[in-house]
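Read top to bottom, the protein sequences are chains R and V. Note that the first sequence covers residues 10 to 201 in our numbering. Note that the second sequence covers residues 862 to 1471 in our numbering.
Worth flagging that the hints you see were computed from the coordinates, not collected in a lab. Treat the hints with caution; some may be incorrect.
To be verified - Straight-line Cα separation of at most 20 Å, EDC-like style, residue types lysine to aspartate or glutamate; simulated pairs:
{"hint": "1", "chain 1": "V", "residue 1": "K1315", "chain 2": "V", "residue 2": "D1373"}
{"hint": "2", "chain 1": "R", "residue 1": "K88", "chain 2": "V", "residue 2": "D1137"}
{"hint": "3", "chain 1": "R", "residue 1": "K24", "chain 2": "V", "residue 2": "D871"}
{"hint": "4", "chain 1": "R", "residue 1": "K168", "chain 2": "V", "residue 2": "E1334"}
{"hint": "5", "chain 1": "R", "residue 1": "K24", "chain 2": "V", "residue 2": "D886"}
{"hint": "6", "chain 1": "V", "residue 1": "K889", "chain 2": "R", "residue 2": "E14"}
{"hint": "7", "chain 1": "R", "residue 1": "K168", "chain 2": "V", "residue 2": "E1160"}
{"hint": "8", "chain 1": "R", "residue 1": "K168", "chain 2": "V", "residue 2": "E1289"}
{"hint": "9", "chain 1": "R", "residue 1": "K17", "chain 2": "V", "residue 2": "D1137"}
{"hint": "10", "chain 1": "R", "residue 1": "K99", "chain 2": "V", "residue 2": "E1073"}
{"hint": "11", "chain 1": "R", "residue 1": "K17", "chain 2": "V", "residue 2": "D886"}
{"hint": "12", "chain 1": "V", "residue 1": "K940", "chain 2": "R", "residue 2": "E97"}
Stated by the list, open to error - So these bits of chain R aren't anywhere near chain V, every CB distance computed over 10 Å:
{"hint": "13", "residue": "W80"}
{"hint": "14", "residue": "G114"}
{"hint": "15", "residue": "D182"}
Cβ atoms here follow ideal geometry from the backbone N, Cα and C, with glycine treated the same way.
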Amino acid sequence: MSEEELSKSRRIFLKTIAAIPLAATFGLLASPLLRYLRPTLKPLDIFGASDQPSAEGDPVVFRDSDFPDAWTCLPFMFKQSYIEYNPEGKETRMIPGFIVKLPNGDVVAYSRICPHLGCIFNFVKDPAECAKGYNFKPDGPVFACPCHLSVYDIKNGGKVVSGPAPRPPRHFDIKREGDQYKIVSLEAGGIA
Amino acid sequence: MPNTSQTMTDGIIGSIGSALSGAVDWTKTRIGNIDIFDEHYQLEAKTNPFYALGPIFYLVWVIVIVTGCLLIIWYVPTKAAAFDSILKIQENIPFGGLIRGMHKYGADAMIIAATMRLYRMFLMADYKPGKEFNIAIGLIGLLLSMYSGLTGYLLIWNQRAFWATKVFATFPTYMDQFPVMGDFYLPLVKSMHMGWNTAEVLLGGGAAITQETITRFFSLHLAFSLIPLIFVELYFYKNSYKRIPLSWLKRSVIILMLVLVSVVLPAAQGHRSNPDVTPLPILSDWYFLGLYQMYKYLEPVVATEITMVIPLSVVLLPFIDVWITGPEKDIAKRPLIFMVTLMGALCWIIFSFLIIVNIANIHNDPPFWRLFLFGLIDIGVLWQLALMCQETQIPQRLKNARAALILAVVGAVQTIVALGYYFMAKTEMFLSPLGQGLVYRLFCNKLTAGDSAKQAEDFVRKLNPVSHPINQEYWNFHTLLDPSYIKVVGAPAGQDLLKQLAQTCQTSTPIDFIFQLIPTFTPAPHASYSGLLDYMVTNRWLNDYLTLYDRMTPGVVAPYPLNVPALDLMWMWLSVIVMFAGIATWWFSNKAPAEKAEKKEVAKPVVSGT
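If we strip away everything but chain V, and leave its shape as in the complex, we get:
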């Protein structure tokens, strides 16, 4: 017996251990393949400028660090003196304008080089095989350049910098409205205050852009360059890679380009920052302009989520591509990646253009670009599926079957988005109230709560009808009916109805125990919910359901239900088509080889007979 248990323990440890060692091997291979500045493409770099983008990025980075160190000699990082010290560098110090220009345009060049390099990696599939981390490394380089740019231009302390920083610091505060971790779910979970804390940590410990912000941004501005530089140099030293595999002639061309731009277009100074006057139009550095246009179109919570999803999807895309097309490197055979990268580039260019010329019709434009965004991705998916159907090699067809299923999942995800969007467009309710209304109906129906659910709905309808509400604070009845509260404030409107509602909320249901586990987190007269109905009424989830129901029923609340724009209907149907096309391709790829195999077996004797 001890032998069996020994074997079992060995088996468990062995399987966990081998899974772990598999993961370690997988990661080690990819870390070994890391390519920070295209140092594995040094031969290509000599003939193909697109493979010289990494070395160019490194070269310009060094130029930016050197010119930055020179600028620190004259720059004064204080609220009172920063703007003037830049003015002095630009106007009075010999070669100051040139050095500042090379610093600024060098930073721009780094962002251009890093972006182009990412596009090259996607189009040439430089992340295959086993080099998927390189996309993430390239993206980190780009993001660090962008953050250096952001922290750098506040140091000028001009109007654009001040207001761009304000926008940049405001958008993390919308994290406090994210599902589960935000204030929005306060009765359900404790808010983590992540949004505001992030903003205050960024700005220097408080909610104002002030001297502490300059000091902090100055520190980060140096840290974003100097700390990575140490690691990069150690990496070059350890692996003895050549740093810049370009001739001195080519290096000089790049340096001269920077000098030329700095002389022809001296770096802008702008107006002294004034916290009391918003500049119009409010802009930021050119690489954030596309995002600014997006912020016009979207709910800020969604815009913040999308801003975070973009880098995440860039990191995940190479893995998805490897699942779908395996080791294939030819871009003509990877239309999905082609269309997704095209979509990203076009969106960014068009959005940047629109904000520069100040065009935005926030009511009419969104359906157009929703169709544009989903449409381009869907064309990529359908194109990819069409290629799969043309495949004749049986082993490849079987691999394609699995890939087709993954693409069907992409279609399914888009279909779910479309379904949610359908209700949002019809009712103008946002995701959280929609979900809460749905959860209410799921948990609280005739089956679980019997007639009391209907009763509670009736009371809420009486207290808070669409027009002429009696008491909009009805959901807070625990406090409103508290005798000590009444003594101070007086009896609430509709007191009798409130009492009846409170009575109904005490009705016990079979699933009360779930809701009794949830603490209320508020110093209300009750520390926990008495049950299902109490939870649904006091958190207004019942009310969300009523709003949803009323707005979806024609003729109850004008002008709801609204029409879904025709353009939106197009991408919504497209998502269903993509899903079924994926399933059909899966079926076709799996089935056809089987048929062929049968035919071969039948054909064989004939061949041998002749």
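Chain R on its own, in the form it takes in the complex:
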């Protein structure tokens, strides 16, 4: 290697070494920039957990008499508040839900927001209708999403029996008081 080549190599080597702290400095700007974009994030916590919504207002109430038969399915709206950086500090959204009485007497409630990509799914009572519209013939009533054809088995904890959904729909916690069913909270996750 000639003297000139060597000095050129040395220069480039030193330049690269000098660039490292500079790059690190710019890298450190990631945290303030991210906090500018998402002010609820804590300082230097760029990999911090996200804000999850919480229930707002009085719980939705159903009574035993609302469910005369097995597979009675009633729609309801659940008030959920999302943390936002606006003057109110939150955005209130009505989350659509279904409350269903199963043949074994249990009453379960699920958010109608499909955990796949956020569509609102339907209660399909007739297996033949499901077979025709959703590529899947179940053995009873199911939840089925018209967008990407996910089918959920209601009596089996909302298990995905067909389609691309990654998980069962999010469930509501129900508090039993006398003959009342109070819908108190919703499992976390999902964009509204």
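Guided by the hints, dock chain V onto chain R, whose structure is given.
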């Protein structure tokens, strides 16, 4: 002695430095060759419309910026007023509909021009020689147009926009399920929460599509156009390129086309957005429809990964092509690129068509398009290899030998995918549990853990059999057996078995130290794993192995093992054929020249004799 060490330091710095300067030269050449709007093809642009796609893209971009600035005069970016202000622009403001139409169709035209330009660059090999970055530049142009489109149509605040944004913001959340960085590996590594944080940063700081989202999208919508415009103008100014090498007649034709479309087909308004009612079918702008159909067929994690892999593979393809065919520009001699681009185009067109007519049989279709996708690429590889075998020039044959090896690697990668897919199809287990089951058997066997591995497996089988499990939460035995926890919740089901399992997990093995290094990241009663078995049981990797084993053994769990569809078997075997064809071509290309050289040597004296 000081002399020797001096020389050594010089040598090390010299070699690092020369490697660096080589990389700098390589990059500088390619940056110097950058071609943003086909400004190096200004002569061709006058006669060949495909080389005018860059200038057309620039011209339409300027039109879109101008009409956009006009629209801002009347547009109100608020949740309450956005839809009505668009309605007003469209219906009441003189020429409002025309300007909005030109803005919308201009944006569509930019996407069409950018896509066609990328295809031209691939088919005409415009990235050769030393211009590989141009594909990435063209792709960035296309992606920026697409993101401008995405941020733009939320501003209308109609149903399609609202729900398309919801889908668009939901899919990054699946990053939280990616290997290593996601929640899924929580006991092993800390989740980076990248998915949800990305979604919240996009949407305006929260998980709801709301006023903040409109404001943010409006800002991004302007930034995606105006900031690149400044850089592009500086670039034109510095290099004194002509911006649009087209006659005014040709420019007028393009502008008139936009005017005509805007008048004949006024830009759609849709229905006012309603967060409580999903429109059916749920669609987005036309250029994302192909991806929407893919989201029907695939696990969302895989679909998200593929969405990210598509642009990456477009950027890498020119480099792969240069490795394989060198400076060759004739598309007839680059069948691999031809078939890959054909596959991309056909998939996109067919998928878009299928979602528009709302056809999807999610159980029967995937094998067809898996075969279609792999089949077209494999035909390209085999075709390329066949061309290599016909080569007669010795130096070229030797170059081909190396290229054939690269193609064999392509086949090998596909074979590995096929192997993984085989187990997935047989057991319906996904990649992570499959890998975890395999890692369990690799680390935890008779050799490393002795009989205790078998014991642990037996206990887990007793606690969590296929039917009638005693305690499905067995893996959490550290908490379940904690006296303070029992005081609150009560004794867990199968307490004796759990205690025996916990006892087995304390067995020491020679490789415990690896697993003791891994923090648990959870506020469980233990801050670190006591060893190999503890790790495998509490992370349920042992259970993954048992599930895999049971499902692969006929007659244990009905209906497993499932049959692999015949169509899938075709591409799986094809991958093996491609791999061996690559190796055979490598051998053939390397061997034949040697033979020829020998023959020449033998032949020489005969020639001189006559």
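Cross-check of the supplied hints:
With a CA separation close to 17 Å, the supplied pair K1315 of chain V and D1373 of chain V stays within the 20 Å bound. Restraint check: the Cα-Cα separation between K88 of chain R and D1137 of chain V comes to about 12 Å, which is no more than 20 Å; the hinted pair holds. Between the alpha carbons of K24 of chain R and D871 of chain V the distance comes to roughly 16 Å, so the proposed pair stays at or under 20 Å and holds. Note on K168 of chain R and E1334 of chain V: the hinted pairing holds, with a Cα-Cα distance of about 18 Å set against a maximum of 20 Å.
Our distance criterion of 20 Å between C-alpha atoms is met by K24 of chain R and D886 of chain V, whose separation comes to about 15 Å. Of the pairs offered as hints, the one joining K889 of chain V and E14 of chain R holds, with about 18 Å between alpha carbons and a cut-off of 20 Å not exceeded. Note on K168 of chain R and E1160 of chain V: the hinted pairing holds, with a Cα-Cα distance of about 15 Å set against a maximum of 20 Å. At roughly 15 Å between alpha-carbon atoms, K168 of chain R and E1289 of chain V fall within 20 Å of each other, so this suggested pair holds.
Distance hint between K17 of chain R and D1137 of chain V is unfulfilled; the C-alpha atoms sit about 66 Å from each other, more than 20 Å. Note on K99 of chain R and E1073 of chain V: the hinted pairing holds, with a Cα-Cα distance of about 11 Å set against a maximum of 20 Å. With a C-alpha separation of about 13 Å, the suggested pairing of K17 of chain R with D886 of chain V holds against the 20 Å cut-off. For the hint pairing K940 of chain V with E97 of chain R, the CA-to-CA distance comes to about 15 Å; that is within 20 Å, so the pair holds.
Every CB of chain V lies more than 10 Å from the CB of W80 of chain R, the least distance being 23 Å, so the non-interface label holds. The beta carbon of G114 of chain R sits about 22 Å from the closest Cβ of chain V, which is more than 10 Å, so the claim that it is off the interface holds. Under the 10 Å C-beta cut-off, the non-interface status given to D182 of chain R relative to chain V holds; the minimum distance is some 17 Å.
The structure fails to meet hint 9 from the earlier list, while all remaining hints are met.
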